[in-house]
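Following the hints, complete the assembly by docking chain X onto the known chain R.
There are 2 protein chains.
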Amino acid sequence: MTDQSSMNIAVFGLGSMGYGMAQSLLRAGHTVHGFDVVPHQVARFQDEGGAGGELADIAGGLDAVVVVVLNAGQTEEVLFGDDGIVPRLKDRAVIMSCATVPPEFAMDAEARCAAAGIHYLDAPISGGSVKAAEGHLSVMAAGRPEAFAAAKPVLDATAETVFDMGDHAGPGSVMKSVNQLLAGVHIATMAEALTFGMQQGLAPDRFLEVISKCAGTSWMLENRAPHIIDGDYTPHSQVDIWLKDLGIVMDIARSNKFSAPIAAAALQQYVAASGMGLGQEDDAAVAKVYARNSGQQLPGEGS
Amino acid sequence: MTDQSSMNIAVFGLGSMGYGMAQSLLRAGHTVHGFDVVPHQVARFQDEGGAGGELADIAGGLDAVVVVVLNAGQTEEVLFGDDGIVPRLKDRAVIMSCATVPPEFAMDAEARCAAAGIHYLDAPISGGSVKAAEGHLSVMAAGRPEAFAAAKPVLDATAETVFDMGDHAGPGSVMKSVNQLLAGVHIATMAEALTFGMQQGLAPDRFLEVISKCAGTSWMLENRAPHIIDGDYTPHSQVDIWLKDLGIVMDIARSNKFSAPIAAAALQQYVAASGMGLGQEDDAAVAKVYARNSGQQLPGEGS
Numbered sequence: 001m002t003d004q005s006s007m008n009i010a011v012f013g014l015g016s017m018g019y020g021m022a023q024s025l026l027r028a029g030h031t032v033h034g035f036d037v038v039p040h041q042v043a044r045f046q047d048e049g050g051a052g053g054e055l056a057d058i059a060g061g062l063d064a065v066v067v068v069v070l071n072a073g074q075t076e077e078v079l080f081g082d083d084g085i086v087p088r089l090k091d092r093a094v095i096m097s098c099a100t101v102p103p104e105f106a107m108d109a110e111a112r113c114a115a116a117g118i119h120y121l122d123a124p125i126s127g128g129s130v131k132a133a134e135g136h137l138s139v140m141a142a143g144r145p146e147a148f149a150a151a152k153p154v155l156d157a158t159a160e161t162v163f164d165m166g167d168h169a170g171p172g173s174v175m176k177s178v179n180q181l182l183a184g185v186h187i188a189t190m191a192e193a194l195t196f197g198m199q200q201g202l203a204p205d206r207f208l209e210v211i212s213k214c215a216g217t218s219w220m221l222e223n224r225a226p227h228i229i230d231g232d233y234t235p236h237s238q239v240d241i242w243l244k245d246l247g248i249v250m251d252i253a254r255s256n257k258f259s260a261p262i263a264a265a266a267l268q269q270y271v272a273a274s275g276m277g278l279g280q281e282d283d284a285a286v287a288k289v290y291a292r293n294s295g296q297q298l299p300g301e302g303s
Numbered sequence: 304m305t306d307q308s309s310m311n312i313a314v315f316g317l318g319s320m321g322y323g324m325a326q327s328l329l330r331a332g333h334t335v336h337g338f339d340v341v342p343h344q345v346a347r348f349q350d351e352g353g354a355g356g357e358l359a360d361i362a363g364g365l366d367a368v369v370v371v372v373l374n375a376g377q378t379e380e381v382l383f384g385d386d387g388i389v390p391r392l393k394d395r396a397v398i399m400s401c402a403t404v405p406p407e408f409a410m411d412a413e414a415r416c417a418a419a420g421i422h423y424l425d426a427p428i429s430g431g432s433v434k435a436a437e438g439h440l441s442v443m444a445a446g447r448p449e450a451f452a453a454a455k456p457v458l459d460a461t462a463e464t465v466f467d468m469g470d471h472a473g474p475g476s477v478m479k480s481v482n483q484l485l486a487g488v489h490i491a492t493m494a495e496a497l498t499f500g501m502q503q504g505l506a507p508d509r510f511l512e513v514i515s516k517c518a519g520t521s522w523m524l525e526n527r528a529p530h531i532i533d534g535d536y537t538p539h540s541q542v543d544i545w546l547k548d549l550g551i552v553m554d555i556a557r558s559n560k561f562s563a564p565i566a567a568a569a570l571q572q573y574v575a576a577s578g579m580g581l582g583q584e585d586d587a588a589v590a591k592v593y594a595r596n597s598g599q600q601l602p603g604e605g606s
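Residue numbers (our numbering), protein chains in the order written: chain R, 1 to 303; chain X, 304 to 606.
Excised from the complex, chain R in its bound form (with noise of 0.2 Å):
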């Protein structure tokens, strides 16, 4: 790693996939700022290397800006807020926007970014927080050729597969969108088949054993069954994060006129299991609105 391919990056929202994004930053040879609204990720990153510094100072020398926030609201803040970071970048730097958005809100922020003479990759990620701290991740990518030329370098410290979903910012959350229609769908539709197979009697492991050979299997499936088998709800995805996801689906969905009844049936799965008091548990929690539902007990509840 020479110092002319070393680039100032700073990360914003360290949670599990961008601390592990950062991580991989690191690891490439980069400069890594890290923010975070809690203070002790930004520490614990400092501490594995993370370089420090006020925003306000070392804003004009970055050369590209990781966003791995929650939601748009959240970009849009980290962006074009109060404190935005836009308006203190140095002309030509890149933003590559990592959150799960609407199309409309990539496409909007491309022409603001660019009017403001910088560039603008729209940039979802998937493949979960061990992936993020690999730098294994496959990122569904959209903008403009220079927008992808110097986001290049971030590209190859995180991304094992990159597609390339067309020249302008849109796209790479069409197809985030339609990616997060499906696995919400598929663990909600897991956790229905799983306790619809323990109420007949079968047993969990062999649920997970015996479908991940047939043709009801998902990647999904196979993911999460796991986890409601051991009785761990470590969040690696939290509940709450499909509220906001199927969310998204649904108001697309909505505002274009487009019928999507089983992804509205999943989200309301996961809206009882957070009206349940679960919205911080792993997303394989929902199987306990099925399971409370039809007066059975999970692997690991009850005495």
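There could be a bad hint or two in this list.
Partial list, computed: chain X residues near chain R (C-beta under 7 Å) [stated by the list, open to error]:
1) His343
2) Gly500
3) Gln502
4) Val513
5) Asn559
6) Ser597
DSSO-like mimics (lysine-lysine), calculated; alpha carbons at most 30 Å apart, straight line [stated by the list, open to error]:
7) R:Lys257 <-> X:Lys516
8) X:Lys455 <-> X:Lys393
9) R:Lys90 <-> R:Lys152
10) R:Lys213 <-> R:Lys131
11) R:Lys213 <-> X:Lys547
12) R:Lys131 <-> X:Lys393
13) X:Lys560 <-> R:Lys213
14) X:Lys455 <-> R:Lys213
15) X:Lys516 <-> X:Lys434
16) X:Lys434 <-> R:Lys213
17) X:Lys560 <-> X:Lys547
18) R:Lys131 <-> R:Lys244
19) R:Lys213 <-> X:Lys516
20) R:Lys131 <-> R:Lys152
21) X:Lys455 <-> X:Lys434
22) R:Lys244 <-> R:Lys257
23) X:Lys434 <-> X:Lys547
24) R:Lys152 <-> X:Lys516
25) R:Lys244 <-> X:Lys434
Derived CB-CB ranges, DEER-like [as the list claims (entries may be wrong)]:
26) X:Asp467 <-> R:Lys257: 37 to 45 Å
27) X:Asp467 <-> R:Thr234: 28 to 36 Å
28) X:Glu437 <-> R:Arg112: 53 to 61 Å
29) X:Leu358 <-> R:His136: 57 to 65 Å
30) X:Arg395 <-> R:Gly247: 55 to 63 Å
31) R:Ala56 <-> X:Lys516: 51 to 59 Å
Everything labelled a hint here was simulated from the structure, so no lab data went into it. Ideal Cβ placement from N, Cα and C applies to all residues, glycine included.
Chain X only, in chain R's frame:
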């Protein structure tokens, strides 16, 4: 293949699954009689080496009967109807029952067969017509050890994987209903997500290319999305199969007081497809419901 291991077998139901199983049994050196309500299918199978003869004449010499009909009603008719085969079979012949049926039906059929001195294997199948023809099905089998032993040559010739679900009939059909809940939901959700993306400008082939490498993928998505991309609705599995199989799921769920809102939503999309006149098309045609409801044309439709 020696004469000792060659069995005398009847296959009831020469649809895409049953025909493939009958072919696999022939290849393994067994004498195979094929029966179907469609005379053409019977004649075609005899041309390929199937044995002839009237049921009344050959029933007493059969070692095994494979029932690959549509549902519980047809299975009931074949086994116990006016011309039912069970009373005609020799002692300790085995029934391998492959249709998707309610678990209670399987348990009841096992008891009635036992009273007649006949073994019964609750043996729903998964894998599709291609694997049926190759002898590579997955079988979710449950029954008494004697039933497994008697059916072993049939399983050897038709299955790549046999899941031993238990020592009495019922759990095989439970497992199958769980698999069908998942598979039926996954096909309809693939259609929902694909058309949701299309309306936002995402090309169907790009959808498959990206999603198959992301967390939103499923076995059914990768198997059925190509039918939509190619505009080819030649039935591998028909829309109406899901009215039956998800109907069985919902019947079991309601009688057990199990709330299954996602399966219920998916079933309604297949009902709508059948109501549009698409019941005999490939099940990927459920996408046409979404396309019609959102004013879109799928590949191969329109001018």
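Each hint, compared with the structure:
1. His343: This interface hint is violated because 29 Å lies over the 7 Å limit.
2. Gly500: 4 Å, holds
3. Gln502: With a minimum Cβ separation of about 5 Å from chain R (threshold 7 Å), the hint on X:Gln502 holds.
4. Val513: 5 Å, holds
5. Asn559: 5 Å, holds
6. Ser597: 5 Å, holds
7. R:Lys257 <-> X:Lys516: 29 Å, holds
8. X:Lys455 <-> X:Lys393: 18 Å, holds
9. R:Lys90 <-> R:Lys152: 18 Å, holds
10. R:Lys213 <-> R:Lys131: Given that 30 Å is the threshold and the Cα spacing comes to 24 Å, the pair holds.
11. R:Lys213 <-> X:Lys547: Holds, because 23 Å separates the two Cα atoms, which is no more than 30 Å.
12. R:Lys131 <-> X:Lys393: 60 Å, violated
13. X:Lys560 <-> R:Lys213: Distance ~29 Å between X:Lys560 and R:Lys213 Cα, so the pair holds.
14. X:Lys455 <-> R:Lys213: Satisfied, since the Cα-Cα distance of roughly 21 Å is no more than 30 Å.
15. X:Lys516 <-> X:Lys434: Satisfied, since the Cα-Cα distance of roughly 24 Å is no more than 30 Å.
16. X:Lys434 <-> R:Lys213: 14 Å, holds
17. X:Lys560 <-> X:Lys547: Cα-Cα ~20 Å, so holds.
18. R:Lys131 <-> R:Lys244: 22 Å, holds
19. R:Lys213 <-> X:Lys516: With Cα atoms ~18 Å apart, R:Lys213 and X:Lys516 stay inside 30 Å; holds.
20. R:Lys131 <-> R:Lys152: Between R:Lys131 and R:Lys152 the Cα gap is close to 18 Å, so the pair holds against 30 Å.
21. X:Lys455 <-> X:Lys434: Between X:Lys455 and X:Lys434 the Cα gap is close to 18 Å, so the pair holds against 30 Å.
22. R:Lys244 <-> R:Lys257: Within the cut-off at roughly 20 Å; holds.
23. X:Lys434 <-> X:Lys547: Holds. X:Lys434 to X:Lys547 sits at ~22 Å (cutoff 30 Å).
24. R:Lys152 <-> X:Lys516: At roughly 21 Å apart (the allowed maximum being 30 Å), X:Lys516 and R:Lys152 satisfy the hint.
25. R:Lys244 <-> X:Lys434: It is violated: about 41 Å lies between the C-alpha atoms, which goes past 30 Å.
26. X:Asp467 <-> R:Lys257: 37 to 45 Å: Since the Cβ atoms of X:Asp467 and R:Lys257 sit about 50 Å apart, the hinted range of 37 to 45 Å is violated.
27. X:Asp467 <-> R:Thr234: 28 to 36 Å: 33 Å, holds
28. X:Glu437 <-> R:Arg112: 53 to 61 Å: 57 Å, holds
29. X:Leu358 <-> R:His136: 57 to 65 Å: 60 Å, holds
30. X:Arg395 <-> R:Gly247: 55 to 63 Å: Between X:Arg395 and R:Gly247, where Cβ atoms are some 60 Å apart, the hint holds.
31. R:Ala56 <-> X:Lys516: 51 to 59 Å: 41 Å, violated
Hint check: violations occur at hints 1, 12, 25, 26, 31; the rest are consistent with the structure.
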